[in-house]
Amino acid sequence: MKIERNLEEHSLYLNMGPQHPSTHGVLRVILKLDGEYIEEAEPVLGYIHRMHEKMGENRTYAQYLPNMGRVDYLSALSYNQCYVGAVERLTGIAPPPRAEYIRVITTELNRLSSHLLWFGAYVLDLGGFTPFLYSFDDREHILDLLESITGSRLTYCYFRFGGVSKDITDDFITGTRAFIKRLRMHLPMYETLVTKNVIFINRVKEVGIITPEAARRYGVTGPALRGSGIKYDVRKNEPYSIYPEVDFDIPVQDGCDALSRYIVRMLEMEQSMRIIEQALDKLPEGPVMAPKVPKKVKPPKGDCYFAVETARGDFGIYIVSDGTETAYRIKLRTPGFSNLSIFAEISRGTLLQDAISTMGSLDLVIPEIDR
Amino acid sequence: MSYFGEIYTGAVSLIAGLGVTGKALFQPTVTVQYPWETIDITPTFRGHIELVTDEETGNFKCICCGLCQLNCPSHCISIKSSKPEGAKKKALDSYMLNFTTCSLCGTCVEGCPADAIKFSDDYNLAGFSREEFYFDLVKRAREEK
Ligand code: SF4
Ligand code: SF4
Numbered sequence: 011m012k013i014e015r016n017l018e019e020h021s022l023y024l025n026m027g028p029q030h031p032s033t034h035g036v037l038r039v040i041l042k043l044d045g046e047y048i049e050e051a052e053p054v055l056g057y058i059h060r061m062h063e064k065m066g067e068n069r070t071y072a073q074y075l076p077n078m079g080r081v082d083y084l085s086a087l088s089y090n091q092c093y094v095g096a097v098e099r100l101t102g103i104a105p106p107p108r109a110e111y112i113r114v115i116t117t118e119l120n121r122l123s124s125h126l127l128w129f130g131a132y133v134l135d136l137g138g139f140t141p142f143l144y145s146f147d148d149r150e151h152i153l154d155l156l157e158s159i160t161g162s163r164l165t166y167c168y169f170r171f172g173g174v175s176k177d178i179t180d181d182f183i184t185g186t187r188a189f190i191k192r193l194r195m196h197l198p199m200y201e202t203l204v205t206k207n208v209i210f211i212n213r214v215k216e217v218g219i220i221t222p223e224a225a226r227r228y229g230v231t232g233p234a235l236r237g238s239g240i241k242y243d244v245r246k247n248e249p250y251s252i253y254p255e256v257d258f259d260i261p262v263q264d265g266c267d268a269l270s271r272y273i274v275r276m277l278e279m280e281q282s283m284r285i286i287e288q289a290l291d292k293l294p295e296g297p298v299m300a301p302k303v304p305k306k307v308k309p310p311k312g313d314c315y316f317a318v319e320t321a322r323g324d325f326g327i328y329i330v331s332d333g334t335e336t337a338y339r340i341k342l343r344t345p346g347f348s349n350l351s352i353f354a355e356i357s358r359g360t361l362l363q364d365a366i367s368t369m370g371s372l373d374l375v376i377p378e379i380d381r
Numbered sequence: 344m345s346y347f348g349e350i351y352t353g354a355v356s357l358i359a360g361l362g363v364t365g366k367a368l369f370q371p372t373v374t375v376q377y378p379w380e381t382i383d384i385t386p387t388f389r390g391h392i393e394l395v396t397d398e399e400t401g402n403f404k405c406i407c408c409g410l411c412q413l414n415c416p417s418h419c420i421s422i423k424s425s426k427p428e429g430a431k432k433k434a435l436d437s438y439m440l441n442f443t444t445c446s447l448c449g450t451c452v453e454g455c456p457a458d459a460i461k462f463s464d465d466y467n468l469a470g471f472s473r474e475e476f477y478f479d480l481v482k483r484a485r486e487e488k
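Protein chains in written order, with the working numbering: chain P, 11 to 381; chain E, 344 to 488.
There are no misleading hints in this set.
DSS-like mimics (lysine-lysine), calculated; alpha carbons at most 25 Å apart, straight line:
#1 E/Lys-461 with P/Lys-306
#2 P/Lys-292 with P/Lys-191
#3 E/Lys-461 with E/Lys-404
#4 E/Lys-404 with P/Lys-305
#5 E/Lys-366 with P/Lys-206
#6 E/Lys-366 with P/Lys-191
#7 E/Lys-404 with E/Lys-482
#8 P/Lys-341 with P/Lys-311
#9 E/Lys-404 with P/Lys-176
#10 E/Lys-461 with P/Lys-305
#11 E/Lys-461 with P/Lys-176
#12 P/Lys-215 with P/Lys-241
Quick partial rundown of chain P residues pointing at chain E, CB under 8 Å, derived from the structure:
#13 Arg-69
#14 Ala-72
#15 Gln-73
#16 Leu-75
#17 Thr-140
#18 Glu-157
#19 Ser-158
#20 Gly-161
#21 Cys-167
#22 Met-199
#23 Thr-202
#24 Leu-203
#25 Lys-206
Some chain P residues well away from chain E (every beta-carbon gap over 12 Å; in silico):
#26 Met-26
#27 Gly-35
#28 Lys-42
#29 Tyr-47
#30 Ile-240
#31 Tyr-250
#32 Ile-260
#33 Gln-263
#34 Gly-296
#35 Gly-312
#36 Arg-358
#37 Asp-364
Quick caveat, the hints were computed from the structure, so don't treat them as lab data.
Ideal Cβ positions, reconstructed from N, Cα and C, are used throughout, including at glycine.
Go ahead and model the full structure; you've got the sequences and the hints to work with.
So, in structure tokens, the structure goes:
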């Protein structure tokens, strides 16, 4: 007798999430499995949708500022920077140079803290607990530094239209320099502990291949794109703020796998430190707020787009103004959404265990995807 | 790489890793035992807002203009004020802060024309019901006195 194998019957459906620890948030991925192999993966979004775009249509420009700290809570300052940048472009307010430097210093610190958290959490996903504690120890110093000037530890709301809310102190400057020294000393330790570890390498090498062609098709940005050999960084390709004045490199790896994305982020940390050091050296004196910022920001009729490079990639804001105190439309282009979309394609035919390391290497922050 | 070669490099990388963690064993502790030990919070910490009293007169600095109520993105402030008999200025009857929806953004503090509100350094907040976080700041300030 011939036994016909019904594939449908043999497939196993597995929900990864919404409470899976390695999705780092409420993301659900429906996996259709054939044994240990993934036949299809379908991300299901919307569990933490908070209507950030709609809120922008109901609040005045200044009232929308706190929202920016909450779209992507791990690189809140980049989002702050993007929003104030967009409104400043629309209204023609020019922040003083000192404010621009402070913005870049704090944003790069925020990028470091985001990468450190990602580093710890990624290795934790793959089963290594200790590096997580070390990276959190380092990250804690950044949080303390940023808390001392912004007043919050995670969901910063520090930039204002035309400047920043508070000047930085000498303590902050010495603290930042000391921290950079410390992190420079610790990065080789991370390398010995993780980057050179054979178990780690075996789990990330040649896993989650994103071809440059696929990356372009899906609009992947950030370290995930640079891990596929494409040199694209908003800070260089569409420079804003004081980035043209500082000297830094864009690390690129062409392995296209999770290991390349990992290495890109580790190298980026060094570049961020270089940017901070140069900005601290060049920090001009002067006010931190533009002299004439109207109490009620009312941009003229029109629209504008402003993009920044966050820790996860290209984040852009499109604002349409109808000349009133409230935006007519605010559109947020978040990097995580595009970076996650590619997951369905790259995980097809791979092993279930690799899904974790692929997903982790994309550095997803779910609130930013759902927003 | 040969089978034994792999075992060798694997063992070396593991021992190198163990060396790092071993060193950490002899380094000073960085954590504190929270309820028993606490660390100082920075002066810039943003706790829930509280009313500022005028040192000289002992009254609240608030001039009851209502700007904070208007500016708050989360609509969590509602103030009631009245003009007492014979007085020239309005005085606060109640200043309700719904702390459950406050995002500690600071819009109210920055927008206040009389510098009448500031952030407190109160971070030990826990409660059993939502109502415990509807603060009447007038009452709280009086109780503290
Ligand atoms: S801190 Fe922000 S959310 Fe809280 S009461 Fe003030 S304006 Fe409202
Ligand atoms: S803005 Fe200041 S002065 Fe005006 S009502 Fe609020 S606390 Fe009082």
